[in-house]
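Asks: Here's the letter readout for the chains.
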Amino acid sequence: SQQGEEDPQALSIQEGENATMNCSYKTSINNLQWYRQNSGRGLVHLILIRSNEREKHSGRLRVTLDTSKKSSSLLITASRAADTASYFCATAETGFQKLVFGTGTRLLVSP
Amino acid sequence: ETGVTQSPTHLIKTRGQQVTLRCSSQSGHNTVSWYQQALGQGPQFIFQYYREEENGRGNFPPRFSGLQFPNYSSELNVNALELDDSALYLCASSLADRGRNEQFFGPGTRLTVL
Chain R
1 SQQGEEDPQA LSIQEGENAT MNCSYKTSIN NLQWYRQNSG RGLVHLILIR SNEREKHSGR
61 LRVTLDTSKK SSSLLITASR AADTASYFCA TAETGFQKLV FGTGTRLLVS P
Chain S
1 ETGVTQSPTH LIKTRGQQVT LRCSSQSGHN TVSWYQQALG QGPQFIFQYY REEENGRGNF
61 PPRFSGLQFP NYSSELNVNA LELDDSALYL CASSLADRGR NEQFFGPGTR LTVL
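These protein sequence lines are chains R and S, in that order. Numbering (the working numbering) for the first sequence: 1 to 111. Numbering (the working numbering) for the second sequence: 1 to 114.
All clues stand as given, with none of them false.
Computed footprint of chain R on chain S; a stretch qualifies when at least three of its residues, placed anywhere within it, have a C-beta under 8 Å from a C-beta of chain R:
id : stretch
1  : 44-52
2  : 89-96
3  : 103-109
What follows is a list of derived Cβ distance ranges for each label pair:
id : chain 1 : residue 1 : chain 2 : residue 2 : range
4  : R       : Thr27     : S       : Glu53     : 21 to 27 Å
5  : S       : Gly16     : R       : Leu108    : 38 to 44 Å
6  : R       : Ala78     : S       : Glu82     : 44 to 50 Å
7  : S       : Leu39     : R       : Ser24     : 20 to 26 Å
8  : R       : Thr67     : S       : Ile12     : 42 to 48 Å
Here are some chain R residues pointing at chain S (derived, C-beta under 8 Å):
id : residue
9  : Leu48
10 : Phe88
11 : Gln97
12 : Leu99
13 : Val100
14 : Gly102
15 : Gly104
In short, the hints are calculated from the structure, not lab data. Cβ coordinates follow ideal geometry from the N, Cα and C atoms, glycine included.
Just need the whole structure built from these sequences, with the hints factored in.
Replies: Here you go:
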């Protein structure tokens, strides 16, 4: 079963705009990770945020984590057409290696 | 490129048959995880192997089995295929390290069961 939900399910924006997607989860976690997937291919790891961190940046990506609300958000700034993909959050519980994925957000960035 | 490879890329089987999927992990990684991704869904954890031993299993029946070899490559075997087994099968390699477990995914094998 999926860990939680991602919101929105789909997002369509213009190049240069910012894209925000949200993820909710259900259990206590060790860390939360965001992955990108192009056209049903393999997942690419984007960023990992530990449970004791609140915000993390990587290039045009900004991730926040609120463990009290069991939620995270991914912000992509100044989006590009190449950012078009599905984005998944995945949680890792303490002591376990497996990842539990959300349902994903499909992002379409139009030129 | 993550350095994780999977074969074959695509596979078509019929109901009741058996299939073996293969994965070569990234150099230096000792852990391999397998996931099933149905169309429009997020990946679901099947099982994980650490140093040739199963190290956790998701909610999949016993007809899903696996192996990990001394070079840390891995196989996923599925017996008695069902139509619902049609999916993208992803393997991911990682280095066991409590607190951090970024997993590096291969491109996947798309299995179609007719």
